[in-house]
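Chain by chain, the residues run as shown.
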Amino acid sequence: SQTIHQWPATLVQPVGSPLSLECTVEGTSNPNLYWYRQAAGRGLQLLFYSVGIGQISSEVPQNLSASRPQDRQFILSSKKLLLSDSGFYLCAWTSGRDEQFFGPGTRLTVL
Amino acid sequence: QKEVEQDPGPLSVPEGAIVSLNCTYSNSAFQYFMWYRQYSRKGPELLMYTYSSGNKEDGRFTAQVDKSSKYISLFIRDSQPSDSATYLCALYNQAGTALIFGKGTTLSVSS
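Chain order of the listed sequences is A and B. FYI, the numbering for the first sequence is 115 to 225, going by my numbering. FYI, the numbering for the second sequence is 801 to 911, going by my numbering.
No lab work stands behind these hints, which were simulated from the structure alone. Positions of the beta carbon are idealized from the N, C-alpha and C atoms, including for glycine. Hints should not be assumed to be uniformly reliable.
[As the list claims (entries may be wrong)] Now the stretches of chain B that chain A is said to cover, found in silico as 3 or more residues with beta-carbon under 8 Å:
no.: 1; region: 835-844
no.: 2; region: 900-908
[Claimed, not checked] Label-pair distances were calculated between CB atoms; the ranges are:
no.: 3; chain 1: B; residue 1: G809; chain 2: A; residue 2: T223; range: 37 to 47 Å
no.: 4; chain 1: B; residue 1: Y871; chain 2: A; residue 2: Q184; range: 37 to 47 Å
no.: 5; chain 1: B; residue 1: Y871; chain 2: A; residue 2: Q116; range: 30 to 40 Å
no.: 6; chain 1: A; residue 1: S134; chain 2: B; residue 2: R841; range: 30 to 40 Å
no.: 7; chain 1: A; residue 1: I167; chain 2: B; residue 2: S908; range: 41 to 51 Å
no.: 8; chain 1: A; residue 1: P132; chain 2: B; residue 2: S828; range: 28 to 38 Å
no.: 9; chain 1: B; residue 1: I818; chain 2: A; residue 2: V129; range: 40 to 50 Å
no.: 10; chain 1: B; residue 1: S820; chain 2: A; residue 2: D185; range: 38 to 48 Å
Generate the whole structure from the sequences, applying the supplied hints.
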């Protein structure tokens, strides 16, 4: 069966510090991978998606970036965090135009 | 008009009630419709998935799609306190590359 992991689960970072969140998927190959941010009262916002290694599409311009160094690994990064980057970050995968499965999320607080 | 609209609630019902959760969407090209349930501080989990007009039933849950009205619904029969969560509707974008989510409706079922 497929499993999706995210870490860390919780993170508190100062403004201006870098960020690296990691997502890995087990039990499938060549998944489509997604990063979402969920902020209070704003719903799920798609940040990036990837259909393969090194292929990243950005949905919202901002100070975040994503990379996919391996087939089942998706990384969300920032060089300098802003207060507005606080939120619940969710990684998701799908095998096509099909059900999308979410990881447990990372709760980021920028102070 | 936003692509997907969903009343955020909160919605409070007594145990055993029938719950109706709804979303409207703007683009008639949307074809794939999903409902997710999200407990507090957890990632969303897929409840129902359908791509055609009509009803789809799974236990106490029924998903209904009316493409002519661009209206989707989730009905919960015999609601339980364990159903207390945020319910998100989601549709694939026209390109079929990413899900567009409603903001979610928060449901509270009291015993």
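Here is how each hint holds up against the structure:
For the region 835-844 of chain B, the proposed coverage by chain A is satisfied: 5 residues have a C-beta within less than 8 Å of a C-beta in that chain, meeting the threshold of three. With a cut-off of 8 Å between beta carbons, the region 900-908 of chain B has 5 residues touching chain A; three or more are needed, and the interface restraint holds. For G809 of chain B paired with T223 of chain A, a C-beta distance near 25 Å fails the hint of 37 to 47 Å. About 42 Å separates the C-beta atoms of Y871 of chain B and Q184 of chain A, a value consistent with the hinted range of 37 to 47 Å.
For the pair Y871 of chain B and Q116 of chain A, the beta carbons lie near 32 Å from each other, so the given range of 30 to 40 Å is met. Against the hinted window of 30 to 40 Å, the Cβ-Cβ separation of S134 of chain A and R841 of chain B comes to about 22 Å, which falls outside the hint. At about 43 Å, the CB distance of I167 of chain A to S908 of chain B agrees with the hint of 41 to 51 Å. Evaluation of the 28 to 38 Å hint for P132 of chain A and S828 of chain B yields a failure: the beta carbon distance comes to about 43 Å.
Take I818 of chain B and V129 of chain A: their Cβ atoms lie about 47 Å apart, and the range 40 to 50 Å holds. Remark: the range hint 38 to 48 Å for S820 of chain B to D185 of chain A is upheld by a beta-carbon distance near 41 Å.
When each numbered hint is compared with the structure, violations occur for hints 3, 6, 8.
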